[in-house]
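In case you want the letters, here they are:
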Amino acid sequence: MEPIIEVIGLGKRYDIQHRRGEYISLRDVIANIFKHPFNFAKTKAKNVAGFSKKSDFWAIKNINFTVERGEVIGIIGANGAGKSTLLKILTGITPPTEGKAILRGHVSSLLEVGTGFHPELTGRENIFLNGAILGMKHSEMQKKFDSIVEFAGIGKFLDTPVKRYSSGMYVRLAFSVAAHIEPDILLVDEVLAVGDAEFQKKCLGKMDDVTKNHGRTILFVSHNIAAVQSLCARTILIEKGQVAMVGETRDVIERYLSNNLVRSGVVEYPQNLESDAVIRRVCILNKDGEQRSELSVAEPFKIAVDFDCNQKIADVAVSLLIYSRDQDLLLYSSDSDSTEKFSEYSPGSYHALITLPEFLLNVGKYSFEILLHTPNIHLYANVKNFGFEIKNTDNPRSIVFQGNHPGRLSSILSYKIETNKK
Amino acid sequence: MAITIIQPKKTFSLNDIKELWRYRELIYFFSWKDIKIRYKQTLIGGFWAIFQPFITMVVFTIFFGKLAGIPSDNVPYPIFVYIGLLFWQFFSSALSDTSNTLVSNQSIITKVYFPRLILPISAVITKFLDFSVAALILVGMMFYYQYTPSLIGILLIPILLLITFFASTGLGLFLAAVNVKYRDVRYALPFFIQILLFVTPVIYPASIAGKYSWVLALNPMTGVIQVARAGLLHTAPINWLLLGLSFVACVVLMIGGVAYFKIIERYFADIV
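Each protein sequence line maps, in turn, to chains A and B. Under this note's numbering, the first residue of the first sequence is numbered 1, with each subsequent residue one higher. Under this note's numbering, the first residue of the second sequence is numbered 1001, with each subsequent residue one higher.
Hints are computed from structural coordinates only; laboratory data are not their basis. Computed from a prediction, not measured in an experiment: that's the story for all the values here. Honestly, I wouldn't trust all of these hints.
Claimed, not checked - In silico lysine to aspartate or glutamate, EDC-like type, Cα no more than 20 Å apart, as pairs:
1. B:K1036 x A:D28
2. B:K1009 x A:D15
3. B:K1181 x A:D15
4. A:K100 x B:D1034
5. B:K1036 x A:D159
6. A:K163 x B:D1016
7. B:K1181 x A:D28
8. A:K137 x B:E1019
9. A:K143 x B:E1025
10. B:K1040 x A:D159
11. B:K1009 x A:E98
12. B:K1009 x A:D56
13. B:K1040 x A:E6
14. A:K391 x A:E358
15. A:K61 x B:E1019
16. B:K1181 x A:D56
17. A:K100 x B:D1270
18. B:K1009 x A:E6
19. A:K144 x B:E1025
20. A:K137 x B:D1073
21. A:K384 x A:E268
Just chain A, with the same shape it has in the complex (with noise of 0.2 Å):
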């Protein structure tokens, strides 16, 4: 049979003025004609001609797979790799430049939930005007109401505007829609990343049921490895808008996890003076100082950031977060813990540094991330995928335990032992 998805040499290029974010004023425009009337009818020229050397940017290039029906394939990569893009193409959201993409069967995407979920209408109204938005037939909608609400758990609030609804409500009710959609191939984006844990695991199920027993394909762009490595049999990844693997989850996982951890001990990056602070050094330091990518379980270390804020900016904590191998969050913490409130900082360079007590972490690999953010309103800048490995040294358990200890963490606590007297 004919693979349900078919991509042949899919490319898209952008020209850097039109990228997203930063719009144009007519005037800078008028006046830059002005200005240089020449370089402008050059540029122009050069342009029409089809010579310009503008500086492009191809978001994906040359990208080839094939989707067998029924199948969830994965697609991973790293910030910036391509995914959305790719996926942006595969909807018809935005034309690609050169190639094509066949696709046998009705298609629907979700990059969002509640695309087009309106405040003021009321729960009942949202449904029916989501549904519509992602394709769904007026006589198809009506069929699925009862299910639809009964998925969210909204039932008494159907009749409230959504603007009165818990975020979570909210959440529920545009994924209860999306999951109803029933075409031939779904297009799914980071939708998971929102709702609290038992209803994403209501969402996976979901899904799951849907490909297994529909026959549904799914094509599945993700940040959330457990999630992809749970669905998806086959994964796709993309580095730098080329597909560099196509495979069986596990391996393309491996590969994308060892890739992309940085394993140095020390990263420098570059100035950006557009943005309000970047991060321009990271480095961990045992307790020597001395910058290491490995660490002893039994001594504390360091992380060391610079940074520059090129404006002032308010209210901001610097984070750590701390991951597992398979990306779960161990621990999340922020210079706000113990002052507890955010800093100003004005224009100038930081140096911060995040002591670790020895015996946190157990033996293993970790990888970090760095935010610089107000937390959950603004991320002036972050870092990530910036890997260490506790090693076994010195480490008292091993007298006792041979072997590798098990569990995640490693603090030794308090035990008081007595014989109870009769």
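Please arrange chain B on chain A, whose structure you already have, making use of the hints.
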């Protein structure tokens, strides 16, 4: 079985029209949403659709009709200005809504695919409903002032609406596409609409311009308003030449608007 082939986009194809038809339910839902949310949390709700043109008419009658003594082709000034206002408000509100529709729906545009033309089309439909509600006042006024429209006048109304629809949508589509890239439109447009009001015979009769009235005729809304008054109030014989000019002008606007919109359409999601 539906097969979607995604490849570098051509500007025009017949499929676009078929696609628009397939998505017709979405047009309905977008208009329905606009109407639903417009008067949420208001006290008098839908009455705003009547209230606004009515009060404008009263104010214009007092200042332009009574105090300034602007002539009104020998019909009572209130009904004279109301016909003008009715079409004018349909035109201007449809124009300003269609030009903003892509930017104000950018969160949807960047997340879901559907033919982008749906957004401006449903915006105009919403405005048409406003027009219909406000037209009730006109019917009341015709009874009050005892005017019987000629049969030809009534038959012409759909054509006048079509011209207004084409003129506002054509211009609106063009501006909507420009607005995606240059947000200047947002600031220039309200100003532009205000100016336009004065070069359209809404508050005065076209005859006031004398030998320069051909300038006014370039504006498709001139023909619409003139013919509406002629048909409903018998202010003058129907000027078929003017009507024809308006029709040609609005068709040119519409074709130009759609063409420009389709050319820019493929970049909407990238630059909005």
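Comparing the hints with the structure gives:
no., hint, in the structure
1, B:K1036 x A:D28, "violated, 39 Å"
2, B:K1009 x A:D15, "holds, 17 Å"
3, B:K1181 x A:D15, "holds, 14 Å"
4, A:K100 x B:D1034, "violated, 36 Å"
5, B:K1036 x A:D159, "holds, 14 Å"
6, A:K163 x B:D1016, "violated, 36 Å"
7, B:K1181 x A:D28, "holds, 12 Å"
8, A:K137 x B:E1019, "holds, 14 Å"
9, A:K143 x B:E1025, "holds, 16 Å"
10, B:K1040 x A:D159, "holds, 14 Å"
11, B:K1009 x A:E98, "holds, 10 Å"
12, B:K1009 x A:D56, "holds, 19 Å"
13, B:K1040 x A:E6, "violated, 46 Å"
14, A:K391 x A:E358, "holds, 12 Å"
15, A:K61 x B:E1019, "violated, 29 Å"
16, B:K1181 x A:D56, "holds, 18 Å"
17, A:K100 x B:D1270, "holds, 19 Å"
18, B:K1009 x A:E6, "holds, 18 Å"
19, A:K144 x B:E1025, "holds, 17 Å"
20, A:K137 x B:D1073, "violated, 52 Å"
21, A:K384 x A:E268, "holds, 13 Å"
The earlier numbered hints that this structure contradicts are 1, 4, 6, 13, 15 and 20.
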